[in-house]
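Peer 1: Heads up: the protein sequence lines correspond to chains H and E, in order.
Reminder that position 174 of the first sequence reads as 174 in my numbering, one-by-one numbering, no gaps.
Reminder that position 106 of the second sequence reads as 106 in my numbering, one-by-one numbering, no gaps.
I should point out that these hints are in silico values taken from the structure, not numbers from a laboratory.
Each hint should be verified, as a subset may be incorrect.
Stated by the list, open to error - List time: in silico DMTMM-like cross-link candidates among lysine to aspartate or glutamate, alpha-carbon distance up to 20 Å:
no., chain 1, residue 1, chain 2, residue 2
1, H, K244, E, D356
2, E, K95, H, D296
3, E, K358, E, E315
Claimed, not checked - Partial pick of chain E residues on the chain H-facing surface, computed with a CB cut under 7 Å:
no., residue
4, L306
5, E307
6, S342
7, N345
8, L351
9, G352
10, F354
11, D356
12, V382
Only a predicted model underlies this, so the values are computations on that prediction, with no experimental measurement involved.
We put the CB at the ideal spot given by N, CA and C, even for glycine.
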Amino acid sequence: MKFSVNQEKLYTCLQSLIGVVPTKSTFPVLTNILIEANNNKLKLSATDLEIAAVTQIDAQTAGTGSITVPAKQFFEIIKQLPPLSIDIEVTGNKVSIKCDRSRFNIIGLPKEDFPKIPEISKDKSVKLGSGILQNIIKKTLFAVSTDSSRPDLCGVFLQMSGDKLKVVTTDAHRLAMLETMIPPISQNSELLLSPKGLNIVNRMLPGSDTEITLRFDDSYSQFSFEDTQVYARHIEGPYRDYEKAIPKNNKKTLTANVELLTAAVRRVAILSDTFTHQIRLSLKADSVELSSQTVDIGEARETIAAVFKGEEMEIGYNASYLLDIIKNLDSEELVCSLNTSLSAALINPAKQAEDYSLMYLLMPIRLPE
Amino acid sequence: MPRLIAHVDMDCFFAAVEVLDDPSLRGRPVIVGADPQGGKGRGVVSAASYEARKFGVHSAMPVSRAFALCPQGVFLPGRMGRYSEISGKIMEILKGFTPQIEQISVDEAFLDLSGCQRLFGEPREIARKIKTAIKSRLSLTASVGMGSNKLVAKIASDLQKPDGLVIVPSGEEKEFLALMPSGKLWGVGPKTADRLKQMGLETIGQLAEYDPKRLETVFGKMGTYLHERANAIDNDAVSQGYQVKSMGREHTYDEDTGSKEDIHRMLLTLSEQVAASLRAEGVKGRTITLKLRYQDFETHTYGRTLETAVDNAIEINAIARMLFDKNWQTFRKIRLIGVSASNLNQGEDQLGLFDDPKKKIKNEKLDKAVDEIRERYGRKAVKRAGEM
Chain H
1 MKFSVNQEKL YTCLQSLIGV VPTKSTFPVL TNILIEANNN KLKLSATDLE IAAVTQIDAQ
61 TAGTGSITVP AKQFFEIIKQ LPPLSIDIEV TGNKVSIKCD RSRFNIIGLP KEDFPKIPEI
121 SKDKSVKLGS GILQNIIKKT LFAVSTDSSR PDLCGVFLQM SGDKLKVVTT DAHRLAMLET
181 MIPPISQNSE LLLSPKGLNI VNRMLPGSDT EITLRFDDSY SQFSFEDTQV YARHIEGPYR
241 DYEKAIPKNN KKTLTANVEL LTAAVRRVAI LSDTFTHQIR LSLKADSVEL SSQTVDIGEA
301 RETIAAVFKG EEMEIGYNAS YLLDIIKNLD SEELVCSLNT SLSAALINPA KQAEDYSLMY
361 LLMPIRLPE
Chain E
1 MPRLIAHVDM DCFFAAVEVL DDPSLRGRPV IVGADPQGGK GRGVVSAASY EARKFGVHSA
61 MPVSRAFALC PQGVFLPGRM GRYSEISGKI MEILKGFTPQ IEQISVDEAF LDLSGCQRLF
121 GEPREIARKI KTAIKSRLSL TASVGMGSNK LVAKIASDLQ KPDGLVIVPS GEEKEFLALM
181 PSGKLWGVGP KTADRLKQMG LETIGQLAEY DPKRLETVFG KMGTYLHERA NAIDNDAVSQ
241 GYQVKSMGRE HTYDEDTGSK EDIHRMLLTL SEQVAASLRA EGVKGRTITL KLRYQDFETH
301 TYGRTLETAV DNAIEINAIA RMLFDKNWQT FRKIRLIGVS ASNLNQGEDQ LGLFDDPKKK
361 IKNEKLDKAV DEIRERYGRK AVKRAGEM
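I would like the entire structure built from these sequences, with the hints used as guidance.
Peer 2: Encoded structure:
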């Protein structure tokens, strides 16, 4: 098998695939990338058994064939080569790479050792624009848990019913929910995906607006667009009954300017405890006073104008959690509804975007009595 | 200007607190630690009173050996909550002398008293005032060592125990250390001590005269450190903000066990104890670690870091049990099991979306009530059904 390929094209393609390859694995072949040449196309695949990505690029091929190559070294070689045509020849397990005056020989492993890329058995699918998918990733993934003792919370929950898609993430301290319209789906479905899979999709999306097809069965989801497919094995559910956590009796409301609040939280957070990031909010009819203190270091205080309807109250939050939420609102103002200083706040942008709506929940930190 | 550093070390602290709370124990050999079970116990001694030490009993000794040496001893299980309460009072007293305090364990601390002479008098007088303050307010005795650095102060406090007072005048540090065995230096464990002995460096003085380059080739960085310390050079500051790094409890089985039920029960007991000491210190732990020692002494530790710090037995137990179930090689019997919490921080109280806040507050009240009952009537006064 022999082929020639443009360095820039191959490098861009490897850049996104390398994210899938595990850095170490009990199965050495997983640290390799599978290359298949056929009819002036190169198909490249990578997998860590949870996620798989397959993408195709144009090349000049002579004959058909396949080989797997050590991903890290192959990627480094291609990265360092000049932006010219690269000639690659495979004889048995020997892979020789030539470009300009550089020569490399690396040892590959046969395709037979490489795990099979999953096939989606039943065909349920939904189409999404790349723009909305990017928003889903940006505005919800930060709230996914990393605590492996709660495996369901380590996933991104997709709930499709009728013409609605709801995406929910939570680490039990905060919760993000994004709702959007989809072409009506015949069968209501729920998927629990790893954030890694979605991040890989995000990396591989083209710059321009593209249509993405999400196909799924009970075990896998497949995102396909242009010449790329990303497969993600589902995380075992069930997902937590998150609706139970959404408060129904939050009668007090705070309306505040997002930019002002963000800047104030950033400043006050400087002197919050480095571990808890705890800041205190005193909510008054026409203002919010933010304050923080760290023993032996100092204290900070700032007041911003805001409208608060309800009995005055004090509440503590983790400043980083609060910032994660408010910087994703994309609205001039936010509306935050509250009940007590021990219960969840519901935070929405005052004006929702056209093609999706956002809702966040944030649990407070209990303030010392 | 040389510094003036004091090392204050309570005498047989745990045993002394037991005697304080139960005067009938005065003058008797009190041994705090594992249950000796008539000589069959397999844990270790955590503290022994001077009366017990006369029989050769000392801390870290297997309790079975302690029992053999001193069968008439009063063996007590220990009450960490009480010890740390008294410890807090001692530290309060010491803070009256200088704010520059470094607490290094429950019963000892360094004080940087540089520049305090004008306030409290000459070094000997300050040391006496410290001892008197502790004695008059708590009826406990402390030994105090003083010198121009921590190393010298620490060694000095140990010299005339109990109720000791040793001051090493500035300029005489090297002489003071020279005849002491090298093992007295901080950081010299039994292995390093053996190696030093093989090299003919039995005293600190011999070590001080030895070629520092050769020490470095044998011990690496530690060699340089040893040479400096042996020459009484120690610029370590008395650092405030003492932080306990972790809190743990272990249990050595009387007979190696392969019973999952037994181990689960013990994990709950240990989790209870760890949770209680976290609460007594007012801290929570974010990392829970399980320690397993098999019959053949092969020891493993497994940890898990949580998103929220905990101080509750149920939560600690859940993690410890999960780590155990996941990692225990079931065909091997277990000799020792331990649970510890680390990554400690004060008073984090992030609430959870899926917690029941009423239940959480109720649990905290329950924990507090149980802590109080145990404080007064001992650990066995209240037990979880799961421990029975």
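Peer 1: Hints first: check each against the structure and report whether it holds.
Peer 2: Comparing the hints with the structure gives:
1. Taking the CA atoms of H/K244 and E/D356, the gap is near 11 Å; set against the 20 Å cutoff, the hint holds.
2. Taking the CA atoms of E/K95 and H/D296, the gap is about 16 Å. The hint holds against a cut of 20 Å.
3. Between E/K358 and E/E315 the CA atoms are separated by roughly 17 Å; this keeps the pair inside 20 Å, and the hint holds.
4. Below 7 Å, beta-carbon pairs count as interface contacts, and E/L306 has one with chain H at about 6 Å; its hint therefore holds.
5. Hint status for E/E307 relative to chain H: holds, with the closest Cβ pair at about 5 Å, below 7 Å.
6. Interface hint at E/S342: violated, since its Cβ lies 13 Å from the closest Cβ of chain H, which is beyond the 7 Å cut-off.
7. Taking 7 Å as the C-beta contact cut-off toward chain H, the hint placing E/N345 at the interface holds, the least distance being around 4 Å.
8. Hint status for E/L351 relative to chain H: holds, with the closest Cβ pair at about 4 Å, below 7 Å.
9. A cut of 7 Å between beta carbons decides the hint on E/G352: the least distance to chain H is about 5 Å, and the hint holds.
10. With a cut of 7 Å, the hint placing E/F354 at the interface with chain H holds, because the nearest CB-to-CB distance is about 6 Å.
11. The interface hint given for E/D356 is violated, since its Cβ lies 10 Å from the closest Cβ of chain H, which is over the 7 Å cut-off.
12. Because the smallest distance between the Cβ of E/V382 and any Cβ of chain H comes to about 26 Å, over 7 Å, the interface hint for this residue is violated.
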